Amino acid sequence: MSGSKLSGFRVASDKPFLIGLGVLGGSYLLIIGAMVLADVVFLNYSDRPVLGPEMVRQGRYTGGEVVVPVKPGRSYYFRKGKNDAGLRLGQQRIASDGLFLAAGDRAVLLPHASGRPITASLRPEARVMQIAVTNHVATVTTGVAHGLLWGEFIRVRGTGEPGWDGVREITDTATNQISFAVTGAAKPPAKLSLSKPNPLVQALRSRDIRFSIKLSLISCTLTTLLSLWVAVPIGYMMSRFEFRGKPVIDTLLDIPIVLPPLVVGLSLLILFRYMPEWLSDAVVYKWPAVVLAQFMVACAFAVRTMRVTFDQIPQRFEQVALTLGCNRRRAFWRVIMPQARGGLLAAGTLAWARALGEFGPILVFAGATRQKTEVLPTSAFLELQAGRTEGMLAVSLIMIAAAVVVFIIARTLGMKRIFA
Amino acid sequence: MIALENIALRQGSFELSDLSLELAAGEYGVLMGRSGCGKTTVLEAVCGLRNISGGRIILGGRDVTQLPPAERGVGYVPQDRALFPTMLVREQLAFALVLRALGQAEIGGRVDELAELLGITELLDRTPDKLSGGEAQRVALGRALAHRPSVLCLDEPLAALDEELHGEMCRLLERVHRETGVTILHITHSPSEARRLAGCHFRLADGKVTRDENRSCA
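As given, the protein sequences belong to chains V and Z, one line each in that order. Using this note's numbering, read the first sequence as starting at 5 and increasing by one per residue. Using this note's numbering, read the second sequence as starting at 26 and increasing by one per residue.
Next comes chain Z alone, as it looks inside the complex (with noise of 0.2 Å):
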């Protein structure tokens, strides 16, 4: 789960203070506001990329408040995705787990798990440069799940993507999201996208966070 307890932030003349947002375990929901509104502040707040100046932030039970990023057991897909260029897709679907010292044959059997969840076996043994947009989607998204977060921060995962992809990509997404039970936050700026998410919905807005009424949580 995710719950935001009255923090507050500051980005040089940016402020926003007293948010408030709680997703239930297992939940995907859904943070939509227009661009500059502080969704993907809040996102990095979440990751703890961002240090907040007040309040609490618990994520699966946990007050990860203090807690380096590393230690918040979160999967982070930036906007851009920033895929390490230096490594091939097998690299970056194995960097955490590396990072956790596991043994090569849990590593790669976790690497061809995911590789198959995502149907990018095929593109293991590239380098990001000669993936496109969608493959290189899958990868971020990949790299993200490799630790088994208990929560996923996805950054408008669907901006820059052709119509077709779109839907695929969502249907991707709530793929992932049955399979693996991991508590999704993603974020957009356009509510055509949102509605065709399933999930909770949440609008930032005016330094607030208000949920949509219309879309019920399960």
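Isolated chain V (complex conformation) (with noise of 0.2 Å):
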């Protein structure tokens, strides 16, 4: 031992290791807001024009420059594809995507590399040349075939006339052609233009959109009341009393938790195989199904809470409350459970969002079936295999608003205890 080492010593500078838990924290909360902020963001919230069929045969082409004709005076939407720098229109040059309009009678498109294949999207928008009325349904002709399905949302705005303006479901449509009603306007308008609404408004007009909002908050709500009033007196139980055969049950608390999400739906499913058939009719496929998918998942997250919520108030509080006149049942009224307000309002806002989120067992105990048994998350997953990713988003972001308002709501609440 060297006298130098002992009184000369010095200890290592703190500095690497605070950076470093700023940085392995600081990644994650980044990367959390980034992921809500790309759902956001994303979508676009403005409205889609109309558009006719392709003009660009997709993998046609692969040498030099591509010409396009196309008609003076109409308006084409382009997207530029991974190959190309732009399009030449005469003089003028257009190198970001949206709609413009034709001054020449040819389009030419620019490949950043010739021998590799354009996938550029030139499409004319959907003009419209013929309106009637009959019975308040309109029925509108327009100029190319527009693509446009059954019960898709349109936004109509048409000038010299009123009650033609607003967004309106679509009755029925032909390759070229569309109806939706018209209640109070007789005569079409000098000029009627048509547009998509954005994502968004789509998914909130939807009636199937609606219904599964309805029947997500309904579910969750009913799943949240029924997890709480099973994981209060279980996480108490589980916290205070010692007992044969506790780590048993201890273990099939958490088998929610641990079994894949679908095996749970799955195991609902036989089990109810075995029920009597007046109550698996009622059940199975029906709107209780969903609750009951919810309720087995969400209601294990919440008896975890509870029991720690219960774990960390100190059994010396019943005790007094003991000595001071209590029986068990007003000890636990009286002095745990306003202790306990905290963790029950953790327990309830974790049980909303699991519930919101659930999928899996939904899908195979309760079904997906529009108007019925869709949820929200059924709702995306329709969505997608529609092929319609914005949809998809759409219904992503009402979730994301959904468990935000919720969330923002027990803190509140969580707060008022704070300042109380």
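Derived by calculation from the structure, the hints in this document are not laboratory data. Every value quoted in this text rests on a predicted model; they were computed, and no experiment measured them. Be careful, since some hints might not be right.
Claimed, not checked - Coverage of chain Z stretches by chain V, computed from C-beta distances (three or more under 8 Å per stretch; other residues unrestricted):
| id | region |
| --- | --- |
| 1 | 70 to 83 |
| 2 | 104 to 111 |
| 3 | 119 to 128 |
| 4 | 212 to 223 |
We put the beta carbon where it would ideally sit given N, CA and C, even for glycine.
Join the two chains, each given in its own frame, into one complex according to the hints.
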């Protein structure tokens, strides 16, 4: 042991440690923020034009510039591909995506590198050619095939006549015709323009998605109430009492958390084969199945939370309350539950959020029937299946909004406890 | 009065048997013993918070062995005080009285009386987290005395207090004892603390309670 080592001892700086903490924690926070923000930013909130068929024949051209004939005075929508620098129109050059008015009769696609395929898109805007009104139903004929589907929504702007403006549901389609109801409008307007409202409006207008929002809100709230009703006594029991077989019960309580969600749904489905017929008829593939599937998973999380909550409240409080004149029930309600309020809110929020996101078990146990057992995750799944990524994103945004609102409510209620 | 007659206790591997202790009504009893010798366990048994496997517990002339804590007429001040975090000081003092369904005026009167006795009138509208250690101790004492128990059980009430507060608290306990006439069982691990307190002294060691003959009881 040398003297200099003892007297001149110096400790290394704390900076690397603190920076490490900041970087590791910060990167995760950044990903969380970016993840949510990406959903919000990705969605284009403006209306979209109604477009006709594709004019660039994909996979056809590989060499050099490509000439596509256009009609002067018409609007076209251009979207760049990976190998496109832009579009030339006479003297005009268009480098970004969007609608443009054709000045000449030819548009030239400009590839970055010749020899590689062009994947740009050029589509004419569908113009209204003819409007007919019969019995408050308007039938609009477009110049080109519009690609709109029955049940979609369309924003209508009519000049000169009242009763035309607004978002309408398409009730009938043909290749270049659409029909929608126009109550209160008798005469066609002088000029009519059509556009597709953004996916969020489409989703919020859709009867199916409105139903799924309603079912989600109701089923999640029911699930939360049921979960708390069960989680409070189980959490209290597991926290306060010692009994034989407690480790087994503890393991059982965790099963819904560790089991793959699909298996939970399948197990429920099989379980109900053994139930009396009237019961399984009332539950399976009906809305009660949605609540039960959500409850099975959400409740396990609520139980965990309540148990930790009660574990953190020393038993001493009950003991003092007992000597002061309480029985166990009164000590629980007067002394323990007021202290468990924060935990109760946390358990409720957690159960609600879990229930909102529950998908696998619902799909298996309740099915994915529109207007019957469709909840928001089911809607997102159905939108994706139909190839409507933007629709799925819109449903996701609705879910994010619902979760944020519930989270804020819970936080505000929690704050009151702190400031009271 | 407090009388433990040959009680037997078991808590995990810890065991006490054939333990007896007698304290006359209105006396101030100090039970001493090393940490971990089972003082708190004995106190909990008196309060009815721990089941005894044998013997009898007699409080104020009543056999309370089979009674729940609520019916034993004890006031309990645990070592950590355990003030209810969600209640104001006023509500803590009124707690036992509200449970007994007393009238508003009666409760108010008793709360003011206790607050005056303990010098906590200024603190009535505070929550426990806004109290210092000494203040919290007074409130816990007040809460335990509210329903006029015949026996007051104090678990290391002077631990974790600084020297100055220590003396003040000793005087307060003596005053409470004098003015209420309650039988007090006070436990402590500190012999010096025991010396400062008046009354009967008992020592718990090796599972036996012995009376300190040097400190005669009244």
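Each hint tested on the structure:
Counting residues of the region 70 to 83 of chain Z whose CB falls under 8 Å from any CB of chain V gives 3; the rule of at least 3 is met. Counting residues of the region 104 to 111 of chain Z whose beta-carbon sits less than 8 Å from any beta-carbon of chain V gives 5, enough to reach three: the coverage restraint holds. With a threshold of 8 Å between beta carbons, the proposed coverage of the region 119 to 128 of chain Z by chain V holds, since 4 of its residues qualify and at least three are required. Taking a C-beta to C-beta cut-off of 8 Å, the region 212 to 223 of chain Z contributes 0 residues in contact with chain V, too few for the three needed, and the coverage statement is violated.
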